[in-house]
Amino acid sequence: MQLTTWQSLALAAATLAGTSSAQATQWEHDAALLYYGESDDRVQAGSVKYQGKRENDEGDKLTVTAGVDALTGASPLGVAPSYQAQTMTSPSGKTITIPAGTLPLDDSFKDLRVSGGVQWDKGINEHWRHNSGVSLSKEQDYLHTGVNSTVSRYLNNKNTTLSAGLALGYDQVQPIEGKPVPLSLAGSNREGDDTKKTGELMLGVTQVLSKRAIAQLNYSYSQVSGYLNDPYKYISITTPAGVVSGNRYESRPDTRKGHTFYGALKYKAGDKTTLTSSLRFHQDDWGTDSFTAEQAIRFALSNERSIEPSVRFYHQKAADFYKSQLLTTDALPQYASADYRLATFDAYTVGATYRWQGSKDKEWRITGEYYKQKPKATELTAGQAGLSANPGFEAVILSLGVKF
Amino acid sequence: MLIRIALPVLLVCSLTACANPAVKPWERGVLAEPAMTFGYDATKDSIADHIYFSKEATSGGRSIAGGGCGCN
Chain A
1 MQLTTWQSLA
11 LAAATLAGTS
21 SAQATQWEHD
31 AALLYYGESD
41 DRVQAGSVKY
51 QGKRENDEGD
61 KLTVTAGVDA
71 LTGASPLGVA
81 PSYQAQTMTS
91 PSGKTITIPA
101 GTLPLDDSFK
111 DLRVSGGVQW
121 DKGINEHWRH
131 NSGVSLSKEQ
141 DYLHTGVNST
151 VSRYLNNKNT
161 TLSAGLALGY
171 DQVQPIEGKP
181 VPLSLAGSNR
191 EGDDTKKTGE
201 LMLGVTQVLS
211 KRAIAQLNYS
221 YSQVSGYLND
231 PYKYISITTP
241 AGVVSGNRYE
251 SRPDTRKGHT
261 FYGALKYKAG
271 DKTTLTSSLR
281 FHQDDWGTDS
291 FTAEQAIRFA
301 LSNERSIEPS
311 VRFYHQKAAD
321 FYKSQLLTTD
331 ALPQYASADY
341 RLATFDAYTV
351 GATYRWQGSK
361 DKEWRITGEY
371 YKQKPKATEL
381 TAGQAGLSAN
391 PGFEAVILSL
401 GVKF
Chain B
405 MLIRIALPVL
415 LVCSLTACAN
425 PAVKPWERGV
435 LAEPAMTFGY
445 DATKDSIADH
455 IYFSKEATSG
465 GRSIAGGGCG
475 CN
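Protein chains in written order, with the working numbering: chain A, 1 to 404; chain B, 405 to 476.
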């Protein structure tokens, strides 16, 4: 949205008064519809997201979020492809037959996720603020509960903001048919639920660099413990000739510790162009180090319309225990997973957001993106020549949003 | 790792003249524009974060208040 001189002055006045919005004590609504569709009839998702924000005369903000996600389609089982047809029981209890030479997928995947949260942001005094909240989400087989709190300190005439935050999560994993024993044979008895605990500490600084540039730097340390397996993923045991002789449930470590550095910059170039750049580095004790770079350039087409092309590049290294399959000649390792999300891959996103000002102060946007995940090829046996355990996929992401 | 982080920061500082950061409150009209505000596109960011969380092994970094899911 390109602002007029008067709007800019009003916003500057609001900033001077210590508020970020000139519309105090009114609800601001931000709602969106999402379609996400993967190639080859893999996961398809539709979502509705909402955020409502109300600011009082003192500049304190209450934010309420809610969302519903519906998912269906086929998801890779982790089973290796073979030139022989494979019949197996899917982790959700259904008998499936995989045609020879194709990637084994579980097409019985369906889920509905409902999520919500509340945040309260309050000024303590002229120099300090705090922001605290709770989050909750429920799926058929998963319950997430979380709390978070962040304290911020303004310095240097509010040109610098330091922040420190802590988030804690307690999740219950409730797999359909029960929790499998890691590395037990597919079809083995499954029983009970489990839990996952998450802790994250974040330290951040937001710095005004000039009248036209602002930057943000965050460091976060995260620690997750408990049940970290995907209960619906197998790993195949394959003969050196390339015949899948059996499948076992995957096995991951029960702790994970990681460090993330994130930096973002916003820069207004001229009257009509705003650049947003970000870089992220992640390192953890599973070996899934990653690098992410994003760039968006927003061009104001008029006072009411803008277009914002964007690109994103992501690279991750495989987890130390990622294997596309295990061989019958090898000893069974302590940890092994063939989950494609733990493989080495590059991912690219290109897209654009078009925004326009509608009637009654409604600000609309439509976003279209194309996502491609391109894994590094992993070697299978000679008997599986020409097959891929992780061919990658493409996805289309479309969303329509409105603020009012 | 440190060099990979420090170099972009130094580059950004040199490009945006952050050697003179003492911006007065009445000079922040441009910085107060929605497009210049971190977190302005909260719902759009939340959609992107959730998709990448579901499809990639690493996530987060932008903000601390996140949700959880047993994503397939």
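In short, the hints are calculated from the structure, not lab data.
Some hints could be false.
[As the list claims (entries may be wrong)] DSS-like cross-link-like pairs, simulated, lysine-lysine; straight-line CA separation at most 27 angstroms:
#, chain 1, residue 1, chain 2, residue 2
1, A, K138, B, K428
2, B, K448, A, K110
3, A, K372, B, K448
4, B, K448, A, K122
5, A, K374, A, K317
6, B, K428, A, K272
7, A, K94, A, K138
8, A, K374, A, K257
9, A, K53, A, K362
10, B, K428, A, K360
11, A, K179, A, K197
12, A, K138, A, K272
13, A, K272, A, K317
14, B, K428, A, K362
15, B, K428, A, K122
16, A, K94, A, K179
17, A, K94, A, K110
18, A, K376, B, K428
19, A, K197, B, K428
20, A, K317, A, K360
21, A, K197, A, K317
22, B, K428, A, K268
23, A, K374, B, K428
24, A, K374, B, K448
25, A, K196, B, K428
26, A, K257, A, K197
27, B, K448, A, K268
In this text, all values refer to a predicted model and were calculated from it rather than measured experimentally.
Going down the list of hints, with the structure as the test:
Taking the CA atoms of A:K138 and B:K428, the gap is near 46 angstroms; set against the 27 angstroms cutoff, the hint is violated. For the suggested pair B:K448 and A:K110, the alpha carbons sit about 24 angstroms apart, so the restraint of at most 27 angstroms is met. Of the supplied pair hints, the one linking A:K372 and B:K448 holds, its CA atoms being roughly 19 angstroms apart against a limit of 27 angstroms. Between B:K448 and A:K122 the alpha-carbon distance is near 24 angstroms, which keeps this suggested pair within the 27 angstroms criterion.
Distance restraint check for A:K374 and A:K317: the Cα-Cα separation of roughly 12 angstroms lies within the 27 angstroms cut-off, and the hinted pair is therefore satisfied. A C-alpha spacing of about 23 angstroms is found between B:K428 and A:K272, which places the hinted pair at or below 27 angstroms, so the restraint holds. Note on A:K94 and A:K138: the hinted pairing holds, with a Cα-Cα distance of about 23 angstroms set against a maximum of 27 angstroms. With a C-alpha separation of about 26 angstroms, the suggested pair A:K374 and A:K257 falls inside the 27 angstroms cut-off, and the hint holds.
Restraint check for A:K53 and A:K362: the C-alpha separation of about 15 angstroms stays at or below 27 angstroms, so the hint holds. Restraint check for B:K428 and A:K360: not satisfied, since their Cα atoms lie roughly 33 angstroms apart, outside the 27 angstroms limit. Of the supplied pair hints, the one linking A:K179 and A:K197 holds, its CA atoms being roughly 17 angstroms apart against a limit of 27 angstroms. About 42 angstroms separates the Cα atoms of A:K138 and A:K272, which puts this hinted pair outside 27 angstroms; it is violated.
A C-alpha spacing of about 39 angstroms is found between A:K272 and A:K317, which places the hinted pair above 27 angstroms, so the restraint is violated. Only pairs whose Cα atoms come within 27 angstroms are accepted, and B:K428 paired with A:K362 is rejected, the gap being roughly 31 angstroms. Between B:K428 and A:K122, the direct Cα distance comes to roughly 23 angstroms. Compliance with the 27 angstroms bound is thereby established for this hinted pair. Restraint check for A:K94 and A:K179: satisfied, since their Cα atoms lie roughly 16 angstroms apart, inside the 27 angstroms limit.
Restraint check: the Cα-Cα separation between A:K94 and A:K110 comes to about 13 angstroms, which is no more than 27 angstroms; the hinted pair holds. Only pairs whose Cα atoms come within 27 angstroms are accepted, and A:K376 paired with B:K428 is rejected, the gap being roughly 50 angstroms. Proximity of A:K197 to B:K428 is assessed by CA-CA distance (about 44 angstroms); at most 27 angstroms being required, the pair is judged violated. Among the hinted pairs, A:K317 with A:K360 is inconsistent with the structure: their alpha-carbon atoms are about 48 angstroms apart, more than 27 angstroms.
As the CA atoms of A:K197 and A:K317 are separated by approximately 24 angstroms, the hinted pair is consistent with the 27 angstroms bound. With a C-alpha separation of about 17 angstroms, the suggested pair B:K428 and A:K268 falls inside the 27 angstroms cut-off, and the hint holds. Taking the CA atoms of A:K374 and B:K428, the gap is near 47 angstroms; set against the 27 angstroms cutoff, the hint is violated. A threshold of 27 angstroms between alpha carbons decides the hint, and for A:K374 with B:K448 the separation of about 24 angstroms falls inside it, so the pair holds.
Taken as a hint, the A:K196 and B:K428 pair is broken in the structure, with Cα atoms around 47 angstroms apart against an allowance of 27 angstroms. With a C-alpha separation of about 12 angstroms, the suggested pair A:K257 and A:K197 falls inside the 27 angstroms cut-off, and the hint holds. A C-alpha spacing of about 21 angstroms is found between B:K448 and A:K268, which places the hinted pair at or below 27 angstroms, so the restraint holds.
Of the numbered hints stated above, those contradicted by the structure are hints 1, 10, 12, 13, 14, 18, 19, 20, 23, 25, listed in ascending order.
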